[in-house]
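Since the structure of chain A is provided, determine the placement of chain B on it from the hints.
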Amino acid sequence: MIVSNSIIQVEHLSAAYQKNTVLTDINFEVKAGTLTSIVGPNGAGKSTLIKTMLALHPTLTGKVSFFGKSFEKAKKQIGYVPQRGSVDWDFPTNALDVVTMGLYGKIGFFRIPMKKDKQKAFEALEKMGMSAYANRQISQLSGGQQQRVFLARALVQEADLYFMDEPLAGVDASTEKAIMAILEELKKQGKTVMVVHHDLQTVPEYFDHVLFLNHTVYAHGTVEETFTDSNIIKTYGGNMSWLREGDKNVVHTTS
Amino acid sequence: MWSILLHSNTIWVMLSTTILGIAAGVVGCLAYWKRQNLMSDALSHAALPGVVIAFLIIGEKNLLILVIGAAATSLVGALLIQWVTTSSRITEDTAMGIVLSVFYGFGVMLLSIANRSAGGNQSGLNNFIYGQAAAMVRSDVITMIVLAGFVIFLIAVIFKEWKLYLFDAGFAQGLGRSIKGMNTLYTIILVITIVIGIQAVGVILMAAMLIIPAVSSRYWTHSFKSMIWLSGIFGGMAGALGTWISATGSGLPTGPFIVIVSAGLFLIALLFGKEKGLIIHVLQFKSQQKQFTVRKKEVS
Numbered sequence: 001m002i003v004s005n006s007i008i009q010v011e012h013l014s015a016a017y018q019k020n021t022v023l024t025d026i027n028f029e030v031k032a033g034t035l036t037s038i039v040g041p042n043g044a045g046k047s048t049l050i051k052t053m054l055a056l057h058p059t060l061t062g063k064v065s066f067f068g069k070s071f072e073k074a075k076k077q078i079g080y081v082p083q084r085g086s087v088d089w090d091f092p093t094n095a096l097d098v099v100t101m102g103l104y105g106k107i108g109f110f111r112i113p114m115k116k117d118k119q120k121a122f123e124a125l126e127k128m129g130m131s132a133y134a135n136r137q138i139s140q141l142s143g144g145q146q147q148r149v150f151l152a153r154a155l156v157q158e159a160d161l162y163f164m165d166e167p168l169a170g171v172d173a174s175t176e177k178a179i180m181a182i183l184e185e186l187k188k189q190g191k192t193v194m195v196v197h198h199d200l201q202t203v204p205e206y207f208d209h210v211l212f213l214n215h216t217v218y219a220h221g222t223v224e225e226t227f228t229d230s231n232i233i234k235t236y237g238g239n240m241s242w243l244r245e246g247d248k249n250v251v252h253t254t255s
Numbered sequence: 001m002w003s004i005l006l007h008s009n010t011i012w013v014m015l016s017t018t019i020l021g022i023a024a025g026v027v028g029c030l031a032y033w034k035r036q037n038l039m040s041d042a043l044s045h046a047a048l049p050g051v052v053i054a055f056l057i058i059g060e061k062n063l064l065i066l067v068i069g070a071a072a073t074s075l076v077g078a079l080l081i082q083w084v085t086t087s088s089r090i091t092e093d094t095a096m097g098i099v100l101s102v103f104y105g106f107g108v109m110l111l112s113i114a115n116r117s118a119g120g121n122q123s124g125l126n127n128f129i130y131g132q133a134a135a136m137v138r139s140d141v142i143t144m145i146v147l148a149g150f151v152i153f154l155i156a157v158i159f160k161e162w163k164l165y166l167f168d169a170g171f172a173q174g175l176g177r178s179i180k181g182m183n184t185l186y187t188i189i190l191v192i193t194i195v196i197g198i199q200a201v202g203v204i205l206m207a208a209m210l211i212i213p214a215v216s217s218r219y220w221t222h223s224f225k226s227m228i229w230l231s232g233i234f235g236g237m238a239g240a241l242g243t244w245i246s247a248t249g250s251g252l253p254t255g256p257f258i259v260i261v262s263a264g265l266f267l268i269a270l271l272f273g274k275e276k277g278l279i280i281h282v283l284q285f286k287s288q289q290k291q292f293t294v295r296k297k298e299v300s
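Just so you know, the protein sequences line up as chains A and B, in that order.
With my numbering applied, the first sequence corresponds to residues 1 to 255, in that order.
With my numbering applied, the second sequence corresponds to residues 1 to 300, in that order.
So here's chain A without its partners, still in its complex pose:
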């Protein structure tokens, strides 16, 4: 079952918050160079899955390995874009400074960022179309701009594997396009990206793999094979009637 080019292996992973078990017996593997969306209803444990894999949330049982190594050994190769709402944007700092934080791992604990680090951070901002806002207070950025700053911070890490938690939530169309262009570019460079995603309609357009999650994995595979009506209904439960008629054109079903 173990495929040689899987760079993420998750085996029997479970996690819980104080009373509720959020994830039970999660098993999946991700191949290098893929763009996977993690979809599922609210409270399905999508963010928790990412956080647990990245050791930001305690693991109850199970094992996660990256590039055949433990997280501890692989963490320099992993970039993480948390949800925008996870930080206090009133914090007194500017966009460039936040992006520079992505380099702190390389800079080291006791050393301060040099000019070349600032330059690198600025280039990442430029890539996200944010160079004009480098010295802008982060509190004065719009939601979409804040998201771009977060993405730029991940880009400077030059990781091989990225985890992004709802990067497209609450951003305008142009930011969505800019972010997806960057994800495509990362994919072209052979990097692997896993994205928690909330919008089922754009899954076939934006991603090549999909992972259906609702406390456990309901289906996982290529969008062509896996993104089916039956998997959506199985994962979300109830009636996802929007899929039935009019929207059929955006869903590539095999059934």
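Hints are computed from structural coordinates only; laboratory data are not their basis.
There could be a bad hint or two in this list.
With a Cα cut of at most 30 Å, we get these calculated DSS-like pairs of lysine-lysine [stated by the list, open to error]:
{"no.": "1", "chain 1": "B", "residue 1": "Lys160", "chain 2": "A", "residue 2": "Lys127"}
{"no.": "2", "chain 1": "A", "residue 1": "Lys73", "chain 2": "B", "residue 2": "Lys180"}
{"no.": "3", "chain 1": "A", "residue 1": "Lys234", "chain 2": "A", "residue 2": "Lys75"}
{"no.": "4", "chain 1": "B", "residue 1": "Lys274", "chain 2": "A", "residue 2": "Lys73"}
{"no.": "5", "chain 1": "B", "residue 1": "Lys274", "chain 2": "A", "residue 2": "Lys118"}
{"no.": "6", "chain 1": "A", "residue 1": "Lys75", "chain 2": "A", "residue 2": "Lys191"}
{"no.": "7", "chain 1": "A", "residue 1": "Lys75", "chain 2": "B", "residue 2": "Lys274"}
{"no.": "8", "chain 1": "A", "residue 1": "Lys115", "chain 2": "B", "residue 2": "Lys225"}
{"no.": "9", "chain 1": "A", "residue 1": "Lys118", "chain 2": "B", "residue 2": "Lys225"}
Same frame as chain A, but now just chain B:
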């Protein structure tokens, strides 16, 4: 008035409260962005029983020993707050409220026992409630300066890491930083600052030394670095001026005067602050209103 200032002990005491003010102002910025202002209040109240217990054990007033006692109960308070919050349904602010009042009550009870014991009444332990900087001797001052300097050094040497930790601890962890380590370091720094301040300012008002300068500086700047600098300056000014005012009368407690000066600086910041001050706010609004009406007239 100047003779008081020139009195050598007063200069020493002012020097120590100034450095204490700087350290508290700087550490206060960390507490401000950790959103734990009430924590400093709880921990300073929790220091009182430690002071009295240390005094009861050694039987004399040696600041270093008393400070160690204060740090011990203060840390116990911090651990208790953490334990109650994580292992029960009680929220953090409630846990802080419980620890604050219970430890302080216990401290006052021990204090009344200590005051009844031989020599206890003259020990000046009561000064730990409202603060009496003038009661400090040369060795106390040196202890304070060394510890305050140590705290400032710990913040300055890894300044960028503090910024990362306070802004986005989750991301810091992703970079391989130990958040537990930073939390521990933060608690140690906070407790050191509190315990060196309680003799000069008192356990009740110590939290104000940490909270007010940080809030004041927020009104003047949009940069974390300048905020820390300003907060240190405000804290130092409050420490020096407050001590000087209290030294002009006999037996005046130091803590309240430091806090009043600090509050004065806050009022100035609230009104005139460059970034969020009320007056700037009104002026900006007025000028925008004006521009708008001018534009409207041009159109019509």
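To see whether the hints hold, each was checked on the structure:
Of the pairs offered as hints, the one joining lysine 160(B) and lysine 127(A) holds, with about 24 Å between alpha carbons and a cut-off of 30 Å not exceeded. Between the alpha carbons of lysine 73(A) and lysine 180(B) the distance comes to roughly 19 Å, so the proposed pair stays at or under 30 Å and holds. The straight-line distance between the Cα atoms of lysine 234(A) and lysine 75(A) is roughly 34 Å, outside the 30 Å bound, and the hint therefore fails. Of the supplied pair hints, the one linking lysine 274(B) and lysine 73(A) is violated, its CA atoms being roughly 47 Å apart against a limit of 30 Å.
Pair hint lysine 274(B) plus lysine 118(A) holds up; C-alpha atoms about 27 Å apart against a cutoff of 30 Å. Annotation: proposed proximity of lysine 75(A) to lysine 191(A) holds, straight-line Cα distance about 15 Å (limit 30 Å). For the suggested pair lysine 75(A) and lysine 274(B), the alpha carbons sit about 42 Å apart, so the restraint of at most 30 Å is broken. For the hint linking lysine 115(A) to lysine 225(B), the alpha-carbon distance of about 18 Å falls within 30 Å, and the restraint holds.
Note on lysine 118(A) and lysine 225(B): the hinted pairing holds, with a Cα-Cα distance of about 17 Å set against a maximum of 30 Å.
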